[in-house]
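Q: Each residue of the sequence shown is one higher than the one before, starting from 1 at the first, in the UniProt record's numbering.
The hints are simulated quantities; they were obtained by calculation from the structure and are not laboratory data.
A quick note: this is a predicted structure, and the numbers were derived from the prediction, not measured.
Treat the hints loosely; a few may be bogus.
Claimed, not checked - Beta-carbon label-pair distances, calculated as ranges:
| id | residue 1 | residue 2 | range |
| --- | --- | --- | --- |
| 1 | G66 | S29 | 43 to 49 Å |
| 2 | G17 | I69 | 50 to 56 Å |
| 3 | Y25 | G66 | 44 to 50 Å |
| 4 | T70 | D21 | 20 to 26 Å |
| 5 | I69 | S29 | 34 to 40 Å |
| 6 | P22 | V49 | 31 to 37 Å |
| 7 | Y41 | I69 | 17 to 23 Å |
| 8 | G55 | T23 | 25 to 31 Å |
| 9 | Q32 | D52 | 23 to 29 Å |
| 10 | D52 | Y25 | 56 to 62 Å |
| 11 | W48 | N18 | 39 to 45 Å |
| 12 | Y56 | L26 | 19 to 25 Å |
| 13 | S29 | L58 | 19 to 25 Å |
| 14 | K34 | D67 | 37 to 43 Å |
Glycine residues also receive a C-beta, built at the ideal position from the N, C-alpha and C atoms.
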Amino acid sequence: MSLDPNRQTGMPVKYVGNDPDPTDYLYVSLEQKKYDQSKPYDAKRSCWVPHDKEGYVLGEIKAAKGDLITVQLGYKVKGS
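Turn these sequences into a full structure, and let the hints guide you.
A: Here it is as structure tokens:
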């Protein structure tokens, strides 16, 4: 691993060597962006629901009656 001796101070450092390019892990692919943008989203009906394994998952409020709401998580419907 070596540094470019001709670089100006404060400029980004480009490493040369056997390090793999991390760009594939840092940027979202165009296909993934298109897929994410095509999903329907309604800010008034969307919510985050606590999940044991994943922390929080995206849910959609289907019905509300008093303090009880019905939320759809993927294909499952959960009342709380």
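Q: Indicate, hint by hint, whether the structure satisfies it.
A: Against the structure, the hints come out as follows:
no., hint, verdict
1, G66 to S29: 43 to 49 Å, "holds, 44 Å"
2, G17 to I69: 50 to 56 Å, "holds, 55 Å"
3, Y25 to G66: 44 to 50 Å, "holds, 46 Å"
4, T70 to D21: 20 to 26 Å, "violated, 47 Å"
5, I69 to S29: 34 to 40 Å, "holds, 35 Å"
6, P22 to V49: 31 to 37 Å, "holds, 33 Å"
7, Y41 to I69: 17 to 23 Å, "holds, 18 Å"
8, G55 to T23: 25 to 31 Å, "holds, 27 Å"
9, Q32 to D52: 23 to 29 Å, "holds, 26 Å"
10, D52 to Y25: 56 to 62 Å, "violated, 27 Å"
11, W48 to N18: 39 to 45 Å, "holds, 41 Å"
12, Y56 to L26: 19 to 25 Å, "holds, 23 Å"
13, S29 to L58: 19 to 25 Å, "holds, 21 Å"
14, K34 to D67: 37 to 43 Å, "holds, 39 Å"
When held up to the earlier numbered hints, the structure conflicts with 4, 10 and fits the remainder.
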